[in-house]
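Take these sequences, add in the hints, and give me the full structure.
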Amino acid sequence: MAAPADCSEAALAAALADVPELGRLLEVDPYLKPFAQDFQRRYKRFTQTLNDIGENEDGIDKFSRGYESFGIHRCADGGLYCKEWAPGAEGVFLTGDFSKYY
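If you're matching positions, the sequence shown starts at 1 in full-length UniProt numbering and goes up one per residue.
Derived from the structure by calculation, the hints contain no laboratory data. Nothing here was measured: the structure is a model prediction, and the numbers come from that model. Take every hint as true, because none was put in to throw you off.
For lysine to aspartate or glutamate, the following EDC-like pairs were computed, each having C-alpha atoms within a straight-line distance of at most 20 Å:
1. LYS62 x GLU84
2. LYS44 x GLU21
3. LYS44 x GLU55
4. LYS83 x GLU68
5. LYS62 x ASP52
6. LYS33 x GLU21
7. LYS44 x ASP18
8. LYS83 x GLU57
9. LYS33 x ASP18
Between beta-carbon pairs, the in silico distance windows are:
10. ARG41 x GLY78: 48 to 54 Å
11. LEU16 x VAL92: 36 to 42 Å
12. ALA89 x LYS44: 26 to 32 Å
13. LEU22 x GLY96: 44 to 50 Å
14. SER8 x PHE98: 54 to 60 Å
15. ALA89 x ARG65: 21 to 27 Å
16. GLY96 x ASP29: 47 to 53 Å
17. SER8 x LYS33: 20 to 26 Å
18. CYS82 x ASP18: 42 to 48 Å
19. ALA11 x PHE70: 34 to 40 Å
20. LEU80 x GLU21: 44 to 50 Å
21. ARG42 x PHE98: 38 to 44 Å
We put the beta carbon where it would ideally sit given N, CA and C, even for glycine.
Okay, here's the thing in structure tokens:
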């Protein structure tokens with residue numbers, strides 16, 4: 001049985017990134033050497049995600065403060081403010097003893 005196309009050497013190389021000071025880490029802890037490609041793959045995914053956040057969410061600082069507006073917050077008048085991000089949702093329901101809808 002042939003290996004899937006995404007398991008080729010080229011695909012593997014494209015999925016890996018140069019991890020800063022990986023060689024030094026592997027010197028300090030040689031038991032990690034079998035996992036070098038995992039570090040490279042995960043570091044590449046991390047940098048891609050960080051770049052996506054920078055491009056689409058106005059940077060990591062603004063993105064990391066999403067909790068300030070998303071979720072449930074108490075208003076100055078004692079009421080509650082609720083904001084959620086639910087792309088593709090067909091409906092959103094807020095239930096509890098306040099609505100008598102359990």
